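Sequence order for the protein chains is A and B. One rule links them: number in my numbering = place in the first sequence (from 1) + 446. One rule links them: number in my numbering = place in the second sequence (from 1) + 446.
Honestly, the hints are just simulated from the structure, not real lab data. A quick note: this is a predicted structure, and the numbers were derived from the prediction, not measured. We treat Cβ as the ideally placed atom computed from N, Cα and C, and that holds for glycine. Incorrect hints may have been included.
[What the hints assert, rightly or not] Mimicking DSS-like on lysine-lysine, the simulated pairs with C-alpha atoms at most 30 Å apart in a straight line are:
(1) B:Lys504 / B:Lys478
(2) B:Lys561 / A:Lys616
(3) A:Lys530 / B:Lys570
(4) A:Lys586 / A:Lys504
(5) B:Lys530 / A:Lys564
(6) B:Lys561 / B:Lys612
(7) B:Lys577 / B:Lys504
(8) A:Lys619 / B:Lys561
(9) A:Lys577 / A:Lys459
(10) A:Lys586 / A:Lys478
(11) A:Lys570 / A:Lys605
(12) A:Lys530 / B:Lys448
(13) B:Lys504 / A:Lys577
(14) A:Lys448 / B:Lys561
[To be verified] Which bits of chain B does chain A cover? Going by a derived footprint, with three or more residues having C-beta under 8 Å, they are:
(15) 542–556
(16) 574–583
(17) 658–665
(18) 670–679
[Said to hold, decoys possible] Partner residues are not named here, just some residues of chain B that face chain A (Cβ under 10 Å, in silico):
(19) Phe461
(20) Thr462
(21) Asn516
(22) Lys619
2 protein chains.
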Amino acid sequence: MKLFYTPEIENEKTFTLSENESKHAIRVLRLKKNDTITLINGKGSFYEAIISDDNPKKCEVIITNLQKENLTIPVLHIAIAPTKNNDRTEWFIEKCTEIGITEITPTLCSHSERKRIKQDRFEKTAISAMKQSLKATLPKVNDLINFKDLVNSPFNGKKYIAHCYKDEQKHFKDIYHKGENAIILIGPEGDFSEEEVNLAKNNGYEPITFGESRLRTETAGIVACTTFNLINE
Amino acid sequence: MKLFYTPEIENEKTFTLSENESKHAIRVLRLKKNDTITLINGKGSFYEAIISDDNPKKCEVIITNLQKENLTIPVLHIAIAPTKNNDRTEWFIEKCTEIGITEITPTLCSHSERKRIKQDRFEKTAISAMKQSLKATLPKVNDLINFKDLVNSPFNGKKYIAHCYKDEQKHFKDIYHKGENAIILIGPEGDFSEEEVNLAKNNGYEPITFGESRLRTETAGIVACTTFNLINE
């Protein structure tokens with residue numbers, strides 16, 4: 447299945463691929479008139495299409511079928527401190543997009559070593575992971591936000607903070623229930639500050655762990671995402 | 447906690463670090479006489495020690511305490527096709543070492559694009575992940591083995607093969623029970639061949655999935671490892 451990401455598609459009967467996607471289809475993949483491709487809009491729709499004009503700059507297609515992705519999983523939002531090494535955050539984004547996630551928010555914490563991110567690069571990682579795993583829904587990848595602003599934002603679901611201080615943390619799998627929307631905060635290499643943990647708790651976040659092992663930031667994020675999907679499957 | 451990997455340590459009361467570890471302790475970390483460090487043997491023991499001679503070539507320590515790692519998790523052996531891009535397999539090894547795994551066997555399959563590996567590099571990845579996650583047990587990282595030889599080897603526990611053909615796969619979480627040793631086979635980018643799947647089934651391997659999502663090789667490996675640990679926690 448050859449997937450092309452076309453976020454602007456709606457209910458057209460014909461569609462023209464962007465210059466980039468046209469080039470990829472005709473020059474790179476060497477597709478020709480009458481070949482079949484699939485467009486995805488990032489919002490859960492697959493559009494089956496036939497190439498009607500194999501122009502390498504503006505490839506035209508006729509839409510032949512529309513299918514909706516079967517998405518019954520509740521909302522999972524992970525707010526995570528970007529790692530010092532950018533690759534580790536990109537790897538987290540790639541893996542969570544494959545496994546299943548709704549929204550990712552890079553979050554600036556007191557102990558964050560990295561204070562800037564490239565949101566567009568993170569989004570490209572998510573787009574390519576979506577195509578790779580044959581999904582039609584793109585996770586929302588937000589720009590960097592301050593921890594304080596994040597925990598003060600409203601969220602329609604259960605709220606959790608994963609930290610390593612001595613506290614009354616419960617294992618996520620023991621307090622989260624199937625079907626509930628969830629936001630999970632994952633801290634930086636040096637953990638959240640105690641002030642941040644308290645601020646989150648005062649805003650309704652429950653402290654959690656993901657077991658005995660001491661996990662890196664990006665590993666904790668992936669374990670959170672896997673556990674959430676496992677419970678909801 | 448400053449961890450040093452000393453696989454050769456046994457029941458000595460004093461110990462001399464290797465030249466490399468001595469240099470790391472004294473030159474890089476600038477540790478001095480009477481500073482406390484921890485040695486790990488990779489077999490589940492932590493040795494608390496005090497530096498008695500801060501010689502940067504042969505640092506001597508006195509062992510003051512021995513602690514065994516609390517390991518109640520059954521054996522998890524993952525046999526996985528090495529990915530075309532080596533980094534992806536190294537990520538898998540790093541993450542599984544953090545999360546918890548007993549043995550990893552890179553496995554050459556019919557559809558494998560990569561036919562050679564650097565076992566010593568994979569082992570270094572596991573050592574550094576063990577230290578990073580403050581564990582004292584090093585997963586066994588085997589050299590590359592042929593699929594056929596692997597499935598013909600005896601294994602004392604449950605045997606599973608994760609593949610994507612239409613089959614009677616059950617979700618791993620629904621057939622695996624807490625406390626059982628398990629070996630799980632994870633295929634290459636192009637999946638196992640049908641012959642390989644049949645050969646495994648004839649050797650007692652049960653077909654499994656890890657859910658609806660189409661996962662990359664290394665992602666499937668990490669999801670397998672997370673699921674196994676989650677059930678055993």
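* Violations among the numbered hints, reported as their numbers in ascending order -> Of the numbered hints, 2, 8, 10, 13, 19 and 20 do not hold.
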